[in-house]
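Given the coordinates of chain A, work out where chain B should sit on it, guided by the hints.
There are 2 protein chains.
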Amino acid sequence: MPQLRLLPRRAWAALFSQLLRPPCTSSPGAVHCHSQGTRDLSPQQMVVREKILDLVVSCFKRHGAKGLDTPAFELKEVLTEKYGEDSGLIYDLKDQGGELLSLRYDLTVPFARYLAMNKVKKMKRYHVGKVWRRESPTVLQGRYREFCQCDFDIAGQFDPMIPDAECLKIMCEILSGLQLGDFLIKVNDRRIMDGMFAVCGVPESKFRAVGSSIDKLDKMSWKDVRHEMVAKKGLAPEVADQIGDYIQCHGGVTLVEQMFQDPRLSQNKQALEGLEDLKLLFEYLTLFGISEKISFDLSLARGLDYYTGVIYEAILLQSPAQAGEEPLSMGSVAAGGRYDGLVGMFDPKGHNVPCVGLSIGVERIFSIVEQRMKTLGERIRTSETQVFVATPQKNFLQERLKLIAELWDAGIKAEMLYKNNPKLLTQLHYCENMGIPLAVIIGEQELKEGVIKLRSVASREEVAIKRENLVAEIQKRLSES
Amino acid sequence: MPQLRLLPRRAWAALFSQLLRPPCTSSPGAVHCHSQGTRDLSPQQMVVREKILDLVVSCFKRHGAKGLDTPAFELKEVLTEKYGEDSGLIYDLKDQGGELLSLRYDLTVPFARYLAMNKVKKMKRYHVGKVWRRESPTVLQGRYREFCQCDFDIAGQFDPMIPDAECLKIMCEILSGLQLGDFLIKVNDRRIMDGMFAVCGVPESKFRAVGSSIDKLDKMSWKDVRHEMVAKKGLAPEVADQIGDYIQCHGGVTLVEQMFQDPRLSQNKQALEGLEDLKLLFEYLTLFGISEKISFDLSLARGLDYYTGVIYEAILLQSPAQAGEEPLSMGSVAAGGRYDGLVGMFDPKGHNVPCVGLSIGVERIFSIVEQRMKTLGERIRTSETQVFVATPQKNFLQERLKLIAELWDAGIKAEMLYKNNPKLLTQLHYCENMGIPLAVIIGEQELKEGVIKLRSVASREEVAIKRENLVAEIQKRLSES
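Line order of the protein sequences matches chains A and B.
Numbered per this note's numbering, the first sequence spans residues 1 to 481.
Numbered per this note's numbering, the second sequence spans residues 1 to 481.
With the rest of the complex left out, here is chain A (with noise of 0.2 Å):
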């Protein structure tokens, strides 16, 4: 699936650079970057991120997908040809003798090299991966050179649209469960795009160049979209001022049924194909509970030269209404669609493998969630240590050793300071800094007594327990917590 766009730039832009990391200023015989649109993720952010890839993939799951894994790179050909206009942002690896490599620019075509090489005719499968895209350095604000995917696709020859519908369910699912405000997702086919652009009389060569450009209206005006169409392009203006009409229309399955009544798009039997299909999708969206968050809309082109049939994308409507919260811009987050050709391209007979998916924009999301809990001030734990083993005397470096040991044999989250003798102040602080929520304190008196005493961090008590016990006590405490 591809990465997703931006809408409207500017404001993207504004919320990003807060996130990105100031160009980086070299210092004589020290190395201290990452290359250009690249990030660490801190622990902070792991958590955030971890927060929303459980949720992606626990809702793949729920719908029954498989995970598979494919390499960060490919044989440079396996994605020659598959990217139109895009296939300039793949990163080559240096001919270092042997062959040709280049880093994987989505999930999906890996995936459809998967299909046909090892003869697979069904399967639905989830990836969660990292893909690279050679972004030119005016466009990097806001967007990044190496950023995360996380696929679902259904890949096998079924009855028309079951899947199809299924993929928009989960992209429902995925929206509501990481509470990110109102969302709508925009659908159109392929087929009635082509359809359109064969009615307004654009030549059959030129379909994939100027759906292209029709894809950046959400980075362009119709004015300068247009502008391309007709001085880059060589469309006549007429033609292009015919698809500014019938781009401008969208709405729900009302809309299908008034293109069925289009004198012009009726005549077109790839247009009625793909309107049939639409029909059908809003039926089973229905039934589903979700057709009143999808949006049939004409300007949907989607940049990719391999999809073939119904093709759509999320985009958020507004940031969720929080106190004090700044409002966010509208944003593309999920996008996907039927490519029912791809396969055919890897496979020696050209057989085909007809799949249908989605692909959830992390990064972006990532964005939107950690500038949430930002504003709202969250605090975030990055470790998830439950006890912290202490003393208040010199010289128990052995006896704690002992008691840590212990503890994570009997599998629980423990740390204590590297030190011979911390004070026992700086270890609390310790705890407390880091959110520990158990202390277990050693000393001279516990050791003759045979107990330990354990301290809940929060209320600061403390009560003795049997060393024998302690163990037991401990998971009871953090069982109930």
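Simulated from the structure, these hints should not be mistaken for lab results.
What you are looking at is a predicted structure, and each value in this text was computed from that prediction instead of being measured.
Among the hints, a few may not be true.
Since the list gives no way to pick out one identical chain from another, each pair is judged satisfied if it fits inside one copy or across any two copies.
Once the Cα atoms are required to be at most 20 Å apart in a straight line, the calculated EDC-like pairs of lysine to aspartate or glutamate come out as [unchecked claim]: (1) K61 / E50; (2) K61 / D409; (3) K394 / D159; (4) K94 / E135; (5) K76 / D92; (6) K223 / D409; (7) K476 / E462; (8) K61 / E384.
The following block gives chain B in isolation, referenced to the frame of chain A:
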């Protein structure tokens, strides 16, 4: 942390060759390969992989580690002069204009770069991620060019050997937890090795080169290593022979005591520091109850440049002797050490942060666990679906769609066939083949009576449940099983 070594190579190769795909033969007009030395992980393999990673990560979290993520590629200069003779295995990206980039070779150097870049002086972090090494095709048998590493590292200035001992404890917990059979962790110290080189008469400029030769002892005989040291590295034969005498020594804490008495080694300041630390380390390992798993071994060299103190490597001693199972060869599955100078290489002022860490070699563990499951004929469920939605009747797609959406919305993992009119037998076979425990069946009769049939797939027992109680009943059954 570096890639883990094979021991002995041939036996591993035999094991791996079963798992490696046969070389691709290209057909004209079709690409159906992945690149050499990489592989896809099938859903079955992903389940095994995830089980292993879950165990490893939960151990890291038990020891208080925070997560961190870094980009797949770094500025080329970040990786320069960190890996000694192995630097030739680094993958470079093609110069497409802009920065010169390389794929990361391990997770240790990016961690050090992160610490320096963010001026972090103290951190306990784990990182699970892929790394890439351009192994030559001749050594590819049994190795991958893309593989997963699980690293745990402790950065910061602490009292000696406390974090180092925890790293060894973690290795023991993971290797025991994975039930890989008996294992041993070899320990040495770079300062003892360098001291040994010095007293044997190796010029200091050749320490790392000679160390690299010794590091090959798991793949080459001593005779061949000696030949390399003399012929290629220019050591005098009698110097090589003196080294040969030392590196035969291995044993427990008593060997440490013995080496203190060694007339030549005990004259070397560096070696003495290393021995002092090892002595303390063994004291802590005894308190952790793992000292019998640790062997001081003067032949342990570790190939990488950046180690400065204690180094270690875990090997499996035998396969778990399961009935009917082929005995597996021994192999190195985890390794690490102390690297106190690496962070300073990235700091403009050369400020250092002492670090110690370990890396788990997931690929080899994965092969062993996979092999064991195959031998035992363990069946792996690749999806987690709990309930299948079926119908015995035609034209019941709408009811199935409504019902399955209800289950999904209640968080239940549910599937149905993407057919308008599937046969009941096909549907029930699907449940049995996929190991789905429950099926809900809806037909005209049920619809009329406002009930759903709930079927236990294993026992084939069916009961009618009121539609409004269905979700609760399913959740009850799932929580009991």
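Verification of the supplied hints:
Within a single copy, K61 and E50 get their C-alpha atoms as close as 16 Å, and across copies as close as 14 Å, so both meet the 20 Å cut-off. Proximity of K61 and D409 under a CA criterion of 20 Å is satisfied inter-copy only: 13 Å between copies versus 32 Å inside one chain copy. Taking the closest pair of Cα atoms, K394 and D159 come within 20 Å of each other only across two copies (14 Å); inside a single copy the shortest separation is 74 Å, beyond that limit. When the C-alpha separation of K94 and E135 is checked against a cutoff of 20 Å, the pair qualifies both within a copy, at 18 Å, and between copies, at 15 Å.
For a Cα distance limit of 20 Å, the shortest separation of K76 from D92 qualifies both inside one copy, at 7 Å, and across copies, at 15 Å. Taking the shortest Cα distances, K223 and D409 never come within 20 Å of each other, neither inside one copy (68 Å) nor across copies (43 Å). With identical chains, the CA atoms of K476 and E462 are at most 20 Å apart within one copy only, with a shortest distance of 16 Å there and 39 Å across copies. Taking identical chains as interchangeable, the C-alpha atoms of K61 and E384 lie at most 20 Å apart only when they sit on different chains, with a minimum of 6 Å there against 25 Å within one chain.
Violated hints amount to a single one, hint 6; each of the other numbered hints is respected by the structure.
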